[in-house]
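Asker: Throw the hints in and build the complete structure from the sequences for me.
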Amino acid sequence: MQLVQRAEAAAFEVVYDRHSGAAFSLAYRMCGARQLAEEVVQEAFLSIWRSGARYDRARGSVRTWILGITHHRAIDALRRGVVQDRHRASDEGIEERFESTDRTDVEVARREEALEVRGALDVLPDEHRRAIELAYYGGFTQSEIAEMLGIPIGTVKGRMRLGMEKMRDRLEPAEVLP
Amino acid sequence: MSDRCQHADTVAAFLLSALSDWERREFEAHMATCARCREDVASLRVVADVLPLAVPPVAPPPQLRDRLMETVRAEADVLSAAGPAADRPQPQRRRRFALSFGRPLAIAGAAAALVLGVALGLGIGAATNDDQTKTQTVVQVRTVQARVDATAAPGGAAVIVMRNGVATLRVTGLPAPPKGKVYEVWLLRRGAAAPSPTDALFSVSTRGSGRVALPSVVGVEAVLVTAEPDGGSQAPTSQPFISAPL
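Heads up: the protein sequence lines correspond to chains A and B, in order. Numbering (my numbering) for the first sequence: 1 to 178. Numbering (my numbering) for the second sequence: 1 to 246.
Since the hints were derived computationally from the structure, they do not count as laboratory data. Hints may contain errors.
Here are the computed lysine to any residue pairs in the SDA-like style, where the Cα-Cα straight-line distance is at most 20 Å [said to hold, decoys possible]:
#1 166/A <-> 4/B
#2 179/B <-> 201/B
#3 166/A <-> 41/B
#4 166/A <-> 45/B
#5 166/A <-> 17/B
#6 179/B <-> 229/B
#7 166/A <-> 39/B
Answerer: Here it is, written out as structure tokens:
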């Protein structure tokens, strides 16, 4: 029994090492503060460890699953009002960036994939990109976005939908890495 | 389009987490009865799934890994010490314990099994999906679950891990020691009337976990922990709130 637990702790460590970089990058982008990003990532991984959250293969890769949990945790933190200045967190760039020195094939492929997704976002009309970024990275609700931009909620919804459809059409041939 | 659902535009907001709680619940209820919206969600989900990848890479600080793994290992040890009974839903105290620590990382599916296999291959050397065989290891480990006073430390747990003859006390869910105090470990030796002080003084992380190496526990009947003034005491000044009979 105890050794099973130990083995699972070791397995968990591998999962952490493999996916914590992407999870932390996402949390940092959303929270705009190192300390809060650390808390979000810690909560996300501990919830995976403690709750025995089920990985559903049908829903995508392990990475997608972990990043989804991280995203939800960050949204929770943002909506709890932990971040005082969310406009700033979502609008400004990140001042500290650390490029990974890993040069493995998987790492290179992932960078290419990141570039591709970034490219698909960048070519969107400004208003579509802005709606998607405020929602996904900023953690704002559609009502908040409508208020911030001074447009009806229906317009916000339409922009998000059109933007996502354009991204899908551009990304569709690409295969998501495991 | 005639088959376009009136909720079609909510699909993107749902996938981007841009709905309030009640809007999300409402849409989920709608989706249960609308095949068109379910298809739309499935079709656009690929975009939501890759959005995390577009952010600038930022390396997590190493301390985050240390903190997290400290907690995970301590909880794995606590769960081990509790044995199979930890998964049983009674009595009351056990139930809380099982909820907190039960079934870590119960990943299903071949991809996850592969990850687990890799972990076992690197760390332990018995890469297999079979729980019975993956328990083989060369490290001699014994764990003793300690009793934690539920009034002094509600939700706290402690375990003594003896690995190859070296004993370590690991704690989780403990409050920080009161200001100006530190936790001190005491050894109650066989036949002794009072516990002996040790150099093992410790505090806990912001999440309530901590660990401290113990002196030799040969001839020791019980390990005790009290809160003492900074620097430790020669005789306990408070009641032990952790006790572990060896």
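Asker: Please go over all the hints and tell whether each is borne out by the structure.
Answerer: Hints, verified against the model:
no., hint, result
1, 166/A <-> 4/B, "holds, 18 Å"
2, 179/B <-> 201/B, "holds, 15 Å"
3, 166/A <-> 41/B, "holds, 15 Å"
4, 166/A <-> 45/B, "holds, 13 Å"
5, 166/A <-> 17/B, "holds, 19 Å"
6, 179/B <-> 229/B, "holds, 9 Å"
7, 166/A <-> 39/B, "holds, 17 Å"
Taken one by one, the earlier hints all hold for this structure without exception.
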